[in-house]
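**Student:** Residue numbers (this note's numbering), protein chains in the order written: chain R, 215 to 550; chain L, 215 to 550; chain B, 215 to 550.
Keep in mind the hints are simulated off the structure, nothing from the lab.
Among the hints, erroneous ones may be present.
Treat identical chains as interchangeable: a pair holds within one or across any two.
Pairs of lysine to aspartate or glutamate, EDC-like flavour, derived with a Cα cap of 20 Å [to be verified]:
(1) Lys244 - Glu234
(2) Lys293 - Glu327
(3) Lys476 - Glu305
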Amino acid sequence: MDLYGHDLICTQDWSVEELEAVLELAAKMKRDRFSPRWTSILQHKTFLMFFYNPSVRTRQSFETAATELGGHAQFLEPKTMRLKTATTAGETVEDAARVMSRYAHGLGIRILEDKIGAYGEGDDLLREYARWATIPIISMAHDKYHPCQGLADVMGWLEHLGDVRGKKLLVAWGHGALARSWCSVQEALLIGSRFGMDVTLAHPEGYDLDPQVVEWTKGNCAANGRTFEVVHDVTSGYEGAHIVYSRNWMSPDAYRDGQLHKQEEIDRALRYPAWICDAAKMALTDDALFTHPMPVDRGHEVTDEVASGPRSVIYDVAENRLHVQKALMALTMGSM
Amino acid sequence: MDLYGHDLICTQDWSVEELEAVLELAAKMKRDRFSPRWTSILQHKTFLMFFYNPSVRTRQSFETAATELGGHAQFLEPKTMRLKTATTAGETVEDAARVMSRYAHGLGIRILEDKIGAYGEGDDLLREYARWATIPIISMAHDKYHPCQGLADVMGWLEHLGDVRGKKLLVAWGHGALARSWCSVQEALLIGSRFGMDVTLAHPEGYDLDPQVVEWTKGNCAANGRTFEVVHDVTSGYEGAHIVYSRNWMSPDAYRDGQLHKQEEIDRALRYPAWICDAAKMALTDDALFTHPMPVDRGHEVTDEVASGPRSVIYDVAENRLHVQKALMALTMGSM
Amino acid sequence: MDLYGHDLICTQDWSVEELEAVLELAAKMKRDRFSPRWTSILQHKTFLMFFYNPSVRTRQSFETAATELGGHAQFLEPKTMRLKTATTAGETVEDAARVMSRYAHGLGIRILEDKIGAYGEGDDLLREYARWATIPIISMAHDKYHPCQGLADVMGWLEHLGDVRGKKLLVAWGHGALARSWCSVQEALLIGSRFGMDVTLAHPEGYDLDPQVVEWTKGNCAANGRTFEVVHDVTSGYEGAHIVYSRNWMSPDAYRDGQLHKQEEIDRALRYPAWICDAAKMALTDDALFTHPMPVDRGHEVTDEVASGPRSVIYDVAENRLHVQKALMALTMGSM
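Model the full assembly from the supplied sequences, consistent with the hints where possible.
**Tutor:** So, in structure tokens, the structure goes:
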């Protein structure tokens, strides 16, 4: 298996064996974080980071990852880059991607929420860069997928459960003054189902995710002989769950007329206060772990009691962002 | 003495011996700036820098310090970080600090002037980060203190005077179209008095500093058998001084109703044109050094003649920011 | 020849031998990009980058260059730096430059278009920094010159033509919704003529460049026994050309009353649709290379057919920015 030069836009594009190779290397890197085995992998090499949207963990974990591999990550904000878009003149993606391929060894892109006018535009942009660049394109979260989050999630679940095959994953919608992208939850559905979990998706009516992702998840579960179900009540999904993933996401109506109707989504999301992960619901599970990609909206998506409780793995999962990204960069850009 | 893992929010929190350890190492690092003894101390390690307020010297000297120790400093602007504040939803300091502790080996925070609504809020924020983070929290200047400036000041004074014990430090208010924070001058009072100086604080009526800081300074002087005095005339403080520190600061009335009344402060500060450090006043001193944390407001806080004169140590002190910060990072985050 | 400590504000300030030394080292660095001969040249050293104007290639290529030499480039935006300007209070260039010289080993400055009120102000600023700084000042493109672009241009032309002496360079104005600075084209005229080319400058009436630059170019050509001409028709310059450089630039009327009249320039530049480099015009040349400093305004300055055609060297020239800048930093700031 040789992952050198591969793009990672969605985990569904990679084989389970390839994803396992990343997780295996990430686990070694976590055990022996500053080993000389890793610290020269990207020595003197550059990873470009395009942040259309700001970020805390993604910025910090990617930039730290490059540093720990001996390389350097450049923090770039495309708003200052005179790039061509639907509405502004500027450089074509072809020209930008071809030149960047001469300078750098990888390019990460983050594009979410209000930086797009319709669901899918972010994914289109990443695939356009992938078309022209000769270096790997890595999603640092975009409208459709968040593959590094998915890898970090599974790494954390494996650390705490030993194995996830045959375990039940609940992905539950959470309320709050929020209109969050679909990328993290969609990635969780895809990667959880790839790794052999039973998957339950729970949300109020009207909060459907991308039908293609739901279809893939169903197919992944079927291929592994596992179950997939969608429920619309608050509690039934919790029964027997081993992992609970409670997170807000916007409705399919969020993008209309070329823009995100954020306030409308926030108003709508506040109408479902029962959709919070709390101790009473967690009591219905099979002593489930609580997982979340952060930032956590405490008091809305989940109570403090659960988020800071003994079964919460949120900090471990967040830490794993660093390790899976190091492994990913090493395998796709380094000399491994 | 083991400083590994220690926060530095104010020099008054550290013992004189600990501060001297920083200064001693800083002097060695200055003598032999790129020695292999130092260049691997933070190798592959990350220092996070939160700039709520912009900066020239602080940004450059911290980022350069990390580079010279073999590590990397990440420049972060919290306004893009979706953190929870009094007025905005977002991530709690607990969650942010716990995750950052997994990625980085230290966290610097700068928060001043208009980024707070009342004196003390910046200090509260740093102490809240210190509460949750398991890595050192370093003040890069906040409303109350500026410990790295204080260390650089003393390092420069020692270089030029040999010893500061028994020497007279004048900290004098300067006029100008400014409303500067109290952090640098308060730190100078504290650290000067810790190191055995006689201290005179000179300012117009109505420009009192934090009573706690004045109390500590008085106590430090008393513990060393030195004098402390406050004067409200322009010239008397200069008599017999060995070091003159002339700098604008805002009045205690600057923060009211949860905000900084900057224009009012500027108008007020311009009413005292006699409060400028000039050659005539310097002639009253015992051939005093002129010191200032920069940026200098030439023509208001001090004349060009004095700022660029033979007794000015402003560039040496500014350079020392680099060396004391390298020493501080080495001792609190590195493997020394 | 010792270039250590030299500023590079315009190639005309350097001897041809000095420019050739940069190109020779750049060629070696390109052949063996990560050789240990280069990767420690700036080890643990800092290069400061002041971006008054944003950039893609310049930022990426300078930051990558520092990384590949073992050093670190700091991305700084002077708008956050409280520097003194004609209209704002703040720190003097003297104070800023003197302190930066204590921290860093070089300082790059980019200042263009709307960040100045009259042609020449950017150049004045760089020369003011050069006056006070004790470290090299490198232009990263300013209103008058773009020396790194000029070096990258010649490096690319040499790669494709073997020798440029006696070859014909056409620098032709291009239309479009643009008002581009003079720096790149002026640098091309100067460096092409220094290296022994015949030079033709083609533009509509009213688009004269800096008379000083035209005078120097004429002198350079004369010194080499080559020709220099200015033409005002669209096609005649193409005849017999070996290199075609088609690029928009603003008129000499662009700056008036202390500001850039950008929209006026754009409206004016759109009135000349015949001024585009296309296949028909290229057919008049001696199988000329197409060159451009990027970003390319495809469909205005040049057709897609030519920009992406077999004789286009735009990506090679863009790549060479990295190599010439590495060589330049090595020679002026490193231990070569």
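**Student:** Does each hint hold? Answer for all of them.
**Tutor:** Verification of the supplied hints:
no., hint, result
1, Lys244 - Glu234, "within (15 Å within a copy, 37 Å between copies)"
2, Lys293 - Glu327, "both (15 Å within a copy, 18 Å between copies)"
3, Lys476 - Glu305, "between (30 Å within a copy, 19 Å between copies)"
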